[in-house]
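Q: Chain by chain, the residues run as shown.
There are 2 protein chains.
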Amino acid sequence: MKVQPVRGTRDFYPDDMAFRNWLFERWRRASRRAGFVEVDGPELEPLELYTGKSGPEITEQLYWLEDKSRRKLALRPEFTPTLARMIAARQAALPGPIRWFNISRCFRYERAQKGRLREFFQWNVDLIGIAEEIADAECISMAVDAMKDVGLGPEDVQIRINDRRLLGALVRHLGVAEDRVPQVFAILDKRDKVPPETVGAMLAEAGLGTAGRQGLERMLGWQRLDDIEARERATPEVQAAADALQRLFGLLADYGIAEWCRFDIGIVRGLAYYTGPVWEVHDRQGELRAIFGGGRYDRLLADMGGKAVPACGFGCGDAVLGILLAERGLRPQAEPPAEFFVASATEQNFPEVLVVVRRLRGRNRPTQFDLKAGNLKRQMKKAADAGAQFVVIVTEEFARSRRVTLRDMRSGEQRDLALDELGV
Amino acid sequence: MKVQPVRGTRDFYPDDMAFRNWLFERWRRASRRAGFVEVDGPELEPLELYTGKSGPEITEQLYWLEDKSRRKLALRPEFTPTLARMIAARQAALPGPIRWFNISRCFRYERAQKGRLREFFQWNVDLIGIAEEIADAECISMAVDAMKDVGLGPEDVQIRINDRRLLGALVRHLGVAEDRVPQVFAILDKRDKVPPETVGAMLAEAGLGTAGRQGLERMLGWQRLDDIEARERATPEVQAAADALQRLFGLLADYGIAEWCRFDIGIVRGLAYYTGPVWEVHDRQGELRAIFGGGRYDRLLADMGGKAVPACGFGCGDAVLGILLAERGLRPQAEPPAEFFVASATEQNFPEVLVVVRRLRGRNRPTQFDLKAGNLKRQMKKAADAGAQFVVIVTEEFARSRRVTLRDMRSGEQRDLALDELGV
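Sequence lines, in order, name chains A and B.
If you're matching positions, the first sequence starts at 0 in numbering that gives the first Met the number 0 and goes up one per residue.
If you're matching positions, the second sequence starts at 0 in numbering that gives the first Met the number 0 and goes up one per residue.
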């Protein structure tokens with residue numbers, strides 16, 4: 000019987016795995032350049048870690064099970080709750096601020112479609128302990144650094160930045176009751192996925208009258224922070240939130256990444272726990288869903304049983320980014336598996352071939368040889384299959400001379416050299 | 000509420016994560032030196048991929064769930080069935096032999112104890128398409144290479160090698176019926192974990208009479224291949240299996256690793272699918288369970304719906320190896336998160352500090368700075384917390400001179416240099 004893989008999961012054959020490693024390496028070095036250290040947690044967590052904290056959408060999408068002791072366990076849908084749990088467990092001992100990153104495999108049961116998988120990878124960056132905008136800017140700068148490192152520029156992608164405090168103040172200013180604000184946020188976050196008339200009906204249900212809906216429509220048309228009108232700025236909390244965003248944009252200019260960033264009052268982020276600046280990276284052509292996003296979540300640690308501490312960060316999945324890189328021709332070729340291939344000039348002679356193989360591998364050079372008995376022609380074919388750059392030919396003289404023939408497979412040049420000269 | 004992690008899972012704080020990355024890097028480079036390429040598959044697989052193939056012990060230990068479409072899914076307990084599935088799906092297109100490795104997170108519901116976790120990592124190496132002993136030797140050689148690379152020597156660990164064909168022939172020679180052989184293998188595999196009298200009773204139940212049990216006891220006393228006695232060698236299949244093992248040991252000598260290896264008729268391996276040579280790596284002091292092991296599984300691909308093809312490989316978990324390395328003092332220190340720390344000589348001045356930070360990060364040097372307003376003393380304290388090797392001090396002159404002060408935190412030496420000279 001042939002077993003089919005689970006829908007929404009992926010097999011990583013060598014080319015796909017090479018791309019995954021290439022991408023992870025760029026995520027890692029962008030993190031490390033910024034002085035962040037890698038952490039990880041379990042993929043199996045107690046179900047209660049997610050129920051109520053990650054927002055209803057994620058909770059509905061959980062894969063969960065009961066173990067033999069009837070404990071309810073969930074596969075992690077994201078890393079942040081694990082991070083919050085880990086910090087809460089050692090909060091007193093960890094020196095602040097905490098600069099952590101993580102690359103997680105995550106699981107969400109959702110409709111499998113372009114850029115949406117049920118099993119995917121996510122790069123998480125979290126900066127814990129700083130309430131000021133410099134921390135948000137540090138995270139956004141790292142996101143830009145990683146985009147640059149995979150070959151994308153500000154002509155390819157754009158970071159759209161908002162602040163939930165600003166949007167919250169504006170929505171309350173339109174007359175929405177405090178306890179209905181999360182509902183309005185959820186509607187705004189989904190507004191590109193449902194028809195406009197449905198959005199209107201949903202907003203009405205959340206307590207926005209005709210005037211309120213028109214006001215919201217007007218605000219969603221703002222392109223720059225300066226577009227915020229005097230009648231809104233008259234509200235102190237709107238002005239304070241606009242000032243905070245202005246400081247953030249100033250810092251982004253100091254980081255030299257102003258051209259990557261723009262204000263977008265419509266950015267909300269789906270997760271329930273964000274409390275301040277929120278941002279998303281989108282492809283400029285607007286063909287794909289958000290590549291990634293993040294924001295500030297100053298209450299999450301206290302909600303998880305830790306001490307209240309300001310925090311911000313982001314998560315970047317591999318699926319949409321992978322599609323964008325493939326479309327742009329930025330997905331690199333995999334390295335061939337062997338740099339060297341060692342062959343016998345006569346029939347395969349393992350003891351002598353292995354002397355040369357051991358020498359090359361001992362020098363950290365990827366080396367293969369033919370594992371079947373066969374003549375030189377067969378061995379040269381195998382060397383070509385492996386993409387080897389060099390073939391080392393062991394002749395009958397080798398036992399006496401300890402000399403081999405080195406052929407460069409690109410130029411076809413051959414030369415004779417001593418075993419000790421190989422792989423230096 | 001504080002949520003506790005699931006028993007048998009681990010949180011990887013920075014030190015533990017650094018060790019995990021260090022170990023994975025050594026697994027990867029041992030694989031790549033031998034010309035193997037990395038692959039991976041899903042962690043969520045259809046339950047039926049495991050039922051019946053991995054042996055009853057693993058099937059009992061599966062974590063599994065029903066998704067919303069009532070499909071039964073399992074968390075992978077090992078990688079080999081996924082590998083077999085992936086090869087069966089593309090068998091015609093893949094050039095042989097296939098040299099693949101993988102580093103998997105795996106899940107088994109078993110009693111959490113020293114060296115046994117419910118969530119662990121495993122390095123898998125598989126060589127598909129070669130029936131001869133050179134393939135088994137190639138795998139064992141890679142295992143030795145990785146042991147060397149983590150700092151272990153033949154005085155620390157030993158590879159104990161057997162062949163199931165030899166043990167099977169011997170057990171049949173003692174009068175055990177063909178269909179009872181797997182049962183006897185399972186008893187032998189568990190014999191160190193149950194009292195001797197229980198082992199005797201279990202063997203009797205499997206059809207071994209008193210003479211048979213005494214014969215088995217005698218065979219388990221053999222230390223070398225040469226100890227196999229003439230009365231057993233008279234059976235052609237015993238002699239053929241002994242010859243195959245002899246060829247394998249000859250190749251291991253050609254690889255230069257004879258001193259790491261010895262014959263051990265008692266090695267069985269728990270997994271049901273092994274068909275030929277089997278081997279385990281043990282610590283010499285015998286204090287820990289097997290560090291890792293592998294063998295030949297020539298029937299697995301056909302059982303998975305593929306074409307029959309010879310195959311061998313091994314899996315190495317991170318838990319027991321991690322304990323051994325810690326006991327031997329071979330667990331490395333983590334690198335500090337920052338190489339450079341950029342400070343303002345006066346109150347924190349982000350725009351100027353960021354000029355220097357961008358320069359250093361742009362040169363791929365891990366760089367932090369103080370994210371809070373504060374004086375130089377506070378900033379120097381943060382630099383020490385980060386373990387920074389160098390502090391770059393930005394003075395009031397910087398705006399004009401573009402020069403900074405570089406302090407080496409180890410020697411205490413300071414020198415003045417131009418921004419352009421930093422991080423080269």
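Just so you know, the hints here were simulated from the structure itself, not pulled from any lab data.
Computed from a prediction, not measured in an experiment: that's the story for all the values here.
It cannot be assumed that every hint is accurate.
Intra- or inter-copy, both count: the list cannot distinguish identical chains.
[Said to hold, decoys possible] Heads up, simulated DSSO-like pairs for lysine-lysine below, C-alpha to C-alpha not over 27 Å straight-line:
(1) Lys113 - Lys147
(2) Lys147 - Lys1
(3) Lys192 - Lys67
(4) Lys376 - Lys71
(5) Lys67 - Lys376
(6) Lys306 - Lys189
(7) Lys371 - Lys192
(8) Lys189 - Lys113
(9) Lys371 - Lys113
(10) Lys192 - Lys113
(11) Lys67 - Lys189
(12) Lys67 - Lys113
(13) Lys67 - Lys306
Q: Take the hints in turn and mark each one as holding or not.
A: Now for the hints, and whether the structure bears them out:
1. When the C-alpha separation of lysine 113 and lysine 147 is checked against a cutoff of 27 Å, the pair qualifies only within one copy, where the shortest distance is 24 Å, while the shortest distance between copies is 45 Å.
2. Taking the shortest alpha-carbon separations for lysine 147 and lysine 1, neither the intra-copy value of 42 Å nor the inter-copy value of 39 Å comes in at or below 27 Å.
3. Taking CA atoms no more than 27 Å apart as the test, lysine 192 paired with lysine 67 passes between copies only; the shortest distance there is 23 Å, against 40 Å inside one copy.
4. For a Cα distance limit of 27 Å, the shortest separation of lysine 376 from lysine 71 qualifies neither inside one copy, at 60 Å, nor across copies, at 50 Å.
5. For a Cα distance limit of 27 Å, the shortest separation of lysine 67 from lysine 376 qualifies neither inside one copy, at 58 Å, nor across copies, at 55 Å.
6. Proximity of lysine 306 and lysine 189 under a CA criterion of 27 Å is satisfied in neither setting, with 32 Å inside one chain copy and 48 Å between copies.
7. Taking the shortest alpha-carbon separations for lysine 371 and lysine 192, neither the intra-copy value of 57 Å nor the inter-copy value of 40 Å comes in at or below 27 Å.
8. In this assembly of identical chains, lysine 189 and lysine 113 lie within 27 Å of each other by CA distance solely inside one copy; the values are 17 Å within and 48 Å between copies.
9. In this assembly of identical chains, the alpha carbons of lysine 371 and lysine 113 never lie at most 27 Å apart, being 43 Å within a copy and 42 Å across copies at closest.
10. Proximity of lysine 192 to lysine 113 under the C-alpha cut-off of 27 Å is restricted to the intra-copy arrangement: shortest distance 14 Å within a copy versus 50 Å between copies.
11. Taking the shortest Cα distances, lysine 67 and lysine 189 sit within 27 Å of each other only across copies (23 Å), while inside one copy they are farther apart (39 Å).
12. Taking the closest pair of Cα atoms, lysine 67 and lysine 113 come within 27 Å of each other only across two copies (21 Å); inside a single copy the shortest separation is 36 Å, beyond that limit.
13. For a Cα distance limit of 27 Å, the shortest separation of lysine 67 from lysine 306 qualifies neither inside one copy, at 34 Å, nor across copies, at 37 Å.
The structure does not agree with the numbered hints 2, 4, 5, 6, 7, 9, 13 stated previously, though it agrees with the rest.
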